[in-house]
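S.K.: Model the full assembly from the supplied sequences, consistent with the hints where possible.
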Amino acid sequence: MNSHGKKKRIGVFVCHCGVNIAAMVDVKRVAEEMGAYPGVAFSTDYIYMCSDPGQQVILDKVIEEKLDAVIVACCSPTLHEITFQNAAKLAGLSPFQVEIANIREQVSWVHTDREEATLKAIRIVRSLVEKIRYNKNLEPIEVDVTRRAMVIGAGISGIQAALDIADQGYEVLLVEKEASIGGHMIQLSETFPTLDCSQCIMTPKMVEVSRHPNIKLMTYHEVESISGFVGNFTVRIKKKPRYVDEVACTMCGDCEVVCPEIVPDDFNLGLSYRKAIYLPFPQAIPGTYTLDIDSCLGLWPIRCSACKDACEVNAIDFDQKEEIIEEKVGAITVCTGYDLYSMKSLGEFGGEKYEDVVDGLEFERILSASGPTGGEVRRPSDGKVPKSIVFIQCCGSRDPENHKSYCSRICCMYTAKHAMLYKHHVPDGQATVFYIDVRTGGKRFEEFYQRTVEEGNVLYLRGKVSKVYQEGDKIIVHGSDTLTGRKVEMEADMVVLAMAMEKKEGTEELLRKLNISADTDGWLAEAHPKLKPVESINVGFYLAGCANGPKDIPDAVAQASAAAAKVGTLFAQEKLQHDPAIVPVNEELCSGCEICVNVCPYDARELDSEKGIVIVNEVLCEGCGACAAACPSGAAQKRNQTDNQIFSMLSAILKK
Amino acid sequence: MGNKKTKLHYYPGCTLKEKTTNLDDTTYAVMDLLGYELIEPENWTCCGAEFPLTEEKIVGLAAPVRILRQVKLEGGNKVFTVCSFCFNVLKRANEAMVTDPLKHKRINAFLKDDITIDRVTGDKTTGFPEYNGDVSVLHLLEFIRDEVGYEKIRALIKRDLGKVKVVPYYGCRLLRPKGKIGIDKPDDPSIFEEFLENIGCEVIDFPFKQECCGSYLSLSMPDAASEASYNVLRSAKLNGADVLALSCPLCYYNLDRRQDRIKEKFPEFHEMPVLFFTQLLAWALGVDEEILGLDQHFCDPRSVLGIDKSGVEI
Chain A
1 MNSHGKKKRI GVFVCHCGVN IAAMVDVKRV AEEMGAYPGV AFSTDYIYMC
51 SDPGQQVILD KVIEEKLDAV IVACCSPTLH EITFQNAAKL AGLSPFQVEI
101 ANIREQVSWV HTDREEATLK AIRIVRSLVE KIRYNKNLEP IEVDVTRRAM
151 VIGAGISGIQ AALDIADQGY EVLLVEKEAS IGGHMIQLSE TFPTLDCSQC
201 IMTPKMVEVS RHPNIKLMTY HEVESISGFV GNFTVRIKKK PRYVDEVACT
251 MCGDCEVVCP EIVPDDFNLG LSYRKAIYLP FPQAIPGTYT LDIDSCLGLW
301 PIRCSACKDA CEVNAIDFDQ KEEIIEEKVG AITVCTGYDL YSMKSLGEFG
351 GEKYEDVVDG LEFERILSAS GPTGGEVRRP SDGKVPKSIV FIQCCGSRDP
401 ENHKSYCSRI CCMYTAKHAM LYKHHVPDGQ ATVFYIDVRT GGKRFEEFYQ
451 RTVEEGNVLY LRGKVSKVYQ EGDKIIVHGS DTLTGRKVEM EADMVVLAMA
501 MEKKEGTEEL LRKLNISADT DGWLAEAHPK LKPVESINVG FYLAGCANGP
551 KDIPDAVAQA SAAAAKVGTL FAQEKLQHDP AIVPVNEELC SGCEICVNVC
601 PYDARELDSE KGIVIVNEVL CEGCGACAAA CPSGAAQKRN QTDNQIFSML
651 SAILKK
Chain B
657 MGNKKTKLHY YPGCTLKEKT TNLDDTTYAV MDLLGYELIE PENWTCCGAE
707 FPLTEEKIVG LAAPVRILRQ VKLEGGNKVF TVCSFCFNVL KRANEAMVTD
757 PLKHKRINAF LKDDITIDRV TGDKTTGFPE YNGDVSVLHL LEFIRDEVGY
807 EKIRALIKRD LGKVKVVPYY GCRLLRPKGK IGIDKPDDPS IFEEFLENIG
857 CEVIDFPFKQ ECCGSYLSLS MPDAASEASY NVLRSAKLNG ADVLALSCPL
907 CYYNLDRRQD RIKEKFPEFH EMPVLFFTQL LAWALGVDEE ILGLDQHFCD
957 PRSVLGIDKS GVEI
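Chains as they are written, first to last, in our numbering: chain A, 1 to 656; chain B, 657 to 970.
Mixed in with the good hints there might be a few duds.
To be verified - In silico DSBU-like pairs for lysine-lysine, Cα to Cα no more than 35 Å straight-line: (1) B/LYS893 to A/LYS387; (2) A/LYS238 to A/LYS216; (3) A/LYS467 to B/LYS675; (4) A/LYS308 to A/LYS205; (5) B/LYS834 to B/LYS663; (6) A/LYS487 to B/LYS841; (7) B/LYS663 to A/LYS353; (8) B/LYS663 to B/LYS673; (9) A/LYS504 to B/LYS841; (10) A/LYS216 to A/LYS532; (11) A/LYS387 to B/LYS663; (12) A/LYS344 to B/LYS673; (13) A/LYS487 to B/LYS893; (14) A/LYS464 to B/LYS893; (15) A/LYS387 to B/LYS675; (16) B/LYS819 to A/LYS344; (17) A/LYS328 to A/LYS240; (18) A/LYS467 to A/LYS384; (19) A/LYS177 to A/LYS353; (20) B/LYS919 to A/LYS353; (21) B/LYS841 to A/LYS467; (22) B/LYS728 to B/LYS673; (23) B/LYS841 to A/LYS474; (24) B/LYS834 to B/LYS893; (25) B/LYS919 to A/LYS487; (26) A/LYS387 to B/LYS728.
What the hints assert, rightly or not - To give an idea of the interface, some chain B residues facing chain A are shown, with a C-beta separation under 8 Å as derived from the structure: (27) ASP840; (28) VAL859; (29) PRO863; (30) ASP898.
Hints were generated in silico from the structure; no laboratory data involved. We put the CB at the ideal spot given by N, CA and C, even for glycine.
M.R.: Structural data, given as structure tokens:
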């Protein structure tokens, strides 16, 4: 029925899509047969419905033929539904009176029999006529938006995202679970292809974050749980006890001197040692010592308290407790980064067995001016300067049978950089690189690689390594040179494994908390691989950096800025509009059985214990219909897709 | 433990009845002590020694499948081997019968018409049932780990091997091809180490444990085989081993019996004793020295087991 209580006058517009549809579907016949179908007041076909003149046809005919509803038989609704809704709107129709019959992806592109395809197209259009008869005009649901963002993870991506959101004038909570911000980038020595010092370009950003009036820095904090929906999230954040008062600590280091407990330094990946009370690195932000409770001799039962006694400003507080902080935010950007694939997984390379077989990140620390060897290249076992190093690329990457199927993207470039920097430090040393392919797809990357080969005189061997083992004080590498087809055996003083990147440990747990999804490799999934690269499928969540997949610093920064821009776009709206085609509850029919509550993937439904029925959070409901299918009493019916409509569509399709 | 022994099918393979009777004898001895009565499938033949890799050449599968079918006909559901080659061939032939419908069809069609002649009456029978890959093929190392259990082994130990520094040598056939053999991870195995630790050896890790011994090249390219064997033994020695433990008769031939040839090519080579894992186990479980067949070895392993030249335990 239309608004005047009369039968709806329905228009059908069949698109040829050039020959995309017309070659396999007899579009003229579809238009003709639909013209005779009950309720259809007008039917026509046109070569490109989405073109300007095509849209004009719809606009004109809605007015001329006094149409109440429009069906366009064309491509998938993901492509042009909005186009035709807007055309209908210009003619005064509600967008809810436009339906798309997909006769391209679901018919012409997938069938080979023209007659059968044409019949199928007719059935699909018929079913939509049945559906649209009962479509109601709906009003969008409007909600407020909290203009305050949370960024999880404070590596280069998180820092960039936080700065860019903050610079737009919005408040940002930057949550980092480690004691300092900086992530992996602050551990790197120099960055390809320009060889600028990583710390030198990273620390200004870190300082900017810590001084920015719009950024609230929450280091040593972890996200506990998130509830709510886009524009209106409530997050619970755990503040881990640092046992040191951040404000009072003057970083004098007296506590460190007296601390008796020595443990491997995780910032240097265990290549050096630190005390149980420590500063992760000199430029750490916030500038405060942290007491590592797992290594400390124990706050209880025997308090060592050497540090507390030594601290003149009384910054050490053994009574600090874990706290839960609740905050409201409107958008969440996830920048949790990556881990390196463990050398343990490649037993044949001996990374866990031999001290002088290290991974790429460890070698970064060895190269770093602030690293465990003070900027000189020395090998871990005996501190000697290695006269030959073998670099092995694709350790775990591009190996779908045994390890990761993907390319980790940065290893070709950082290995070239490692080899070049090694040659800078040890000009008479021999650097050899085993590679499968050298991939240099970035600005000035190929030139950098060529310089490594030519100026650096680095030997590139195309082939795979089968085994690495120690003999005396040499590391022996067995491999193959696939260009000459010969077996290669060489001695080296040190071996560097370009381990694959993999999802950060704890990603699954975080995903569960955030209720967002990951791809098959565990990287956070973007909403569309090409057109929505920084949005999660779940609205209000944004992604940046290596949490989303391997990438280098420029790409991570670009993605972070893009995510920040998207957060800005969200915050620029006065009210958020939500699709009203949701699944409400018919209060007369609902028995409060809660089956729908359990099947809802968006936590949009809950039992109102007073009324004894289920209520729906209209903003959280995405209209997926899981509840409608599960509801035993028919109380949950999706708007404009009721059981009645679905059955009418089915009989229209099944009818001869 | 009562006297009742558990019956278990055992496929020795030809080499064990000829060149390496020490491997066969010690297997019988240890399995008896562990409470098993071994049954060799009737009329067993050579396993084929090599799994046929040519897709079309399936006749090489006839022998191993016939052996497995015989185990089934005798009411067995599992058979174990100690020879790495036999294990490899039987296991892969069995797997092919499960996963490759075409091979399954062709082999069964071929074997259906086998004729058996009764030794006494001379009666001929034919028309065999299909074999569907339902006998499980195990290596003894696997059987000990999964079915006997190391705990039981430890409880039965009579002699302390504590002073013997042993390198486990897997060779190729116990582990590869990956995914088809499944006794352990081919790149980072540990089953042999665990076994040796549990029988009381001091296990020495060495990088050549999965490297090739030279295999059949000892026939066609003896120098190449000598070099491969030399590399294995040299690395074992370099890492401080007294003895190398293995399970493959061909590896044993290359690594022990050919040590004189190795020495010809590499004069600096030091002899090194080589023992089958069953010999070490037998010694640990208290089996008499004669059964170990130590006189069959080129490099005398007596001293590493603590036996002096006259055969007296030190």
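S.K.: For each hint, tell me whether it holds in the structure or not.
M.R.: Against the structure, the hints come out as follows:
Our distance criterion of 35 Å between C-alpha atoms is met by B/LYS893 and A/LYS387, whose separation comes to about 27 Å. As the CA atoms of A/LYS238 and A/LYS216 are separated by approximately 15 Å, the hinted pair is consistent with the 35 Å bound. Straight-line distance between C-alpha atoms of A/LYS467 and B/LYS675 comes to about 33 Å, which keeps the hinted pair within the 35 Å bound. A hinted pair counts as satisfied when its Cα atoms are at most 35 Å apart, and A/LYS308 with A/LYS205 qualifies at roughly 33 Å.
As the CA atoms of B/LYS834 and B/LYS663 are separated by approximately 31 Å, the hinted pair is consistent with the 35 Å bound. Of the pairs offered as hints, the one joining A/LYS487 and B/LYS841 holds, with about 24 Å between alpha carbons and a cut-off of 35 Å not exceeded. Between the alpha carbons of B/LYS663 and A/LYS353 the distance comes to roughly 43 Å, so the proposed pair goes past 35 Å and is violated. Annotation: proposed proximity of B/LYS663 to B/LYS673 holds, straight-line Cα distance about 21 Å (limit 35 Å).
Pair hint A/LYS504 plus B/LYS841 holds up; C-alpha atoms about 25 Å apart against a cutoff of 35 Å. Restraint check for A/LYS216 and A/LYS532: the C-alpha separation of about 28 Å stays at or below 35 Å, so the hint holds. For the hint pairing A/LYS387 with B/LYS663, the CA-to-CA distance comes to about 61 Å; that exceeds 35 Å, so the pair is violated. A hinted pair counts as satisfied when its Cα atoms are at most 35 Å apart, and A/LYS344 with B/LYS673 does not qualify at roughly 42 Å.
For the hint pairing A/LYS487 with B/LYS893, the CA-to-CA distance comes to about 24 Å; that is within 35 Å, so the pair holds. With a CA separation close to 28 Å, the supplied pair A/LYS464 and B/LYS893 stays within the 35 Å bound. For the proposed pair A/LYS387 and B/LYS675, the alpha carbon gap of about 49 Å is over 35 Å, so the pair is violated. Under the criterion of a C-alpha separation no larger than 35 Å, the hint pairing B/LYS819 with A/LYS344 is consistent with the structure, at around 30 Å.
Restraint check for A/LYS328 and A/LYS240: the C-alpha separation of about 20 Å stays at or below 35 Å, so the hint holds. Restraint check: the Cα-Cα separation between A/LYS467 and A/LYS384 comes to about 23 Å, which is no more than 35 Å; the hinted pair holds. Under the criterion of a C-alpha separation no larger than 35 Å, the hint pairing A/LYS177 with A/LYS353 is consistent with the structure, at around 30 Å. Note on B/LYS919 and A/LYS353: the hinted pairing holds, with a Cα-Cα distance of about 31 Å set against a maximum of 35 Å.
Between B/LYS841 and A/LYS467 the CA atoms are separated by roughly 15 Å; this keeps the pair inside 35 Å, and the hint holds. Taken as a hint, the B/LYS728 and B/LYS673 pair is honoured in the structure, with Cα atoms around 23 Å apart against an allowance of 35 Å. With a CA separation close to 26 Å, the supplied pair B/LYS841 and A/LYS474 stays within the 35 Å bound. For the proposed pair B/LYS834 and B/LYS893, the alpha carbon gap of about 28 Å is at most 35 Å, so the pair holds.
Restraint check for B/LYS919 and A/LYS487: the C-alpha separation of about 24 Å stays at or below 35 Å, so the hint holds. This hinted pair does not check out: A/LYS387 and B/LYS728 have alpha carbons roughly 61 Å apart, beyond 35 Å. Interface restraint check: B/ASP840 against chain A, minimum CB-CB distance 11 Å, threshold 8 Å, status violated. Residue-level restraint check for B/VAL859 is violated (minimum Cβ-Cβ distance to chain A is 14 Å; threshold 8 Å).
Checking B/PRO863 against chain A: minimum C-beta separation of about 3 Å stays under 8 Å; hint holds. At its closest, the beta carbon of B/ASP898 sits 19 Å from a beta carbon of chain A; the interface hint therefore is violated under the 8 Å criterion.
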